[in-house]
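I would like the entire structure built from these sequences, with the hints used as guidance.
Read off the chains here:
Protein chains: 2
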Amino acid sequence: MTDQKTMHETATNMCPHYEAAMELLARRWTGLIITTLVNEPARFSEISTAVDGISDRMLSQRLGELEEIGMVERKVDAARRPVLVEYVSTEMARELTPVFNALQEWAEKWMPAKIEA
Amino acid sequence: MTDQKTMHETATNMCPHYEAAMELLARRWTGLIITTLVNEPARFSEISTAVDGISDRMLSQRLGELEEIGMVERKVDAARRPVLVEYVSTEMARELTPVFNALQEWAEKWMPAKIEA
Numbered sequence: 001m002t003d004q005k006t007m008h009e010t011a012t013n014m015c016p017h018y019e020a021a022m023e024l025l026a027r028r029w030t031g032l033i034i035t036t037l038v039n040e041p042a043r044f045s046e047i048s049t050a051v052d053g054i055s056d057r058m059l060s061q062r063l064g065e066l067e068e069i070g071m072v073e074r075k076v077d078a079a080r081r082p083v084l085v086e087y088v089s090t091e092m093a094r095e096l097t098p099v100f101n102a103l104q105e106w107a108e109k110w111m112p113a114k115i116e117a
Numbered sequence: 001m002t003d004q005k006t007m008h009e010t011a012t013n014m015c016p017h018y019e020a021a022m023e024l025l026a027r028r029w030t031g032l033i034i035t036t037l038v039n040e041p042a043r044f045s046e047i048s049t050a051v052d053g054i055s056d057r058m059l060s061q062r063l064g065e066l067e068e069i070g071m072v073e074r075k076v077d078a079a080r081r082p083v084l085v086e087y088v089s090t091e092m093a094r095e096l097t098p099v100f101n102a103l104q105e106w107a108e109k110w111m112p113a114k115i116e117a
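Protein chains in written order, with my numbering: chain A, 1 to 117; chain B, 1 to 117.
Any given hint could turn out to be false.
Covered, in the sense of this in silico footprint (three residues per stretch, anywhere, with C-beta under 8 Å from a C-beta of chain A), are these stretches of chain B [claimed, not checked]:
1) 22-28
2) 32-45
3) 50-63
4) 74-86
5) 101-112
The set of hints was computed from the structure by calculation and includes no laboratory data. Each residue gets a CB set at the ideal place from its N, CA and C atoms; glycine is no exception.
The structure is reproduced here in structure tokens:
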């Protein structure tokens, strides 16, 4: 081991905050759902369209998790007929924008449109 | 839908390169393994220590995937006794550094050390 350590790690351990953030993004679909909602509020069906391949059941579960963590709010406009239900990103989610922008830049350079499973 | 679109999305679709990059990071442990190796080359046992909770079988599988994608190289120093086998990040992996740095900054502000499963 050398003395060169980035801010992500101490000599023996990953930074626990960083670890938790990476674990969050490692939940399948979570990053793409947040990306969609950081763009603009969306209805369930709109998120489902934007996040290609996700099942309604999984989307429902992920939105529930993100609400609990405080990254997504469910807004109901009862004055509308039919009632409008939209999912809205919180500041916590929107502040991931620099991460998403950096990932976009990297992806354009390095990532083929489909990787092998 | 509004006209406001970020670079991640067109009107109906996520950018496929971005989608592929997010899918890559959504493979459990992958982000933490890359983070570890971007820091410095490491032996199998060192990665296993840095990435808390990963099994040897899973680490082996992930390293194989990352070699195939071209993000990790396996270097063997046969002149050493015992033979030294290290995993080294490629330029493709190292250029994720801005993503990791942005995530670290976000995590320090927003992420408790453990999130609820």
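Now the hints, each set against the structure:
{"no.": "1", "hint": "22-28", "verdict": "holds (count 7)"}
{"no.": "2", "hint": "32-45", "verdict": "holds (count 6)"}
{"no.": "3", "hint": "50-63", "verdict": "holds (count 3)"}
{"no.": "4", "hint": "74-86", "verdict": "violated (count 0)"}
{"no.": "5", "hint": "101-112", "verdict": "holds (count 12)"}
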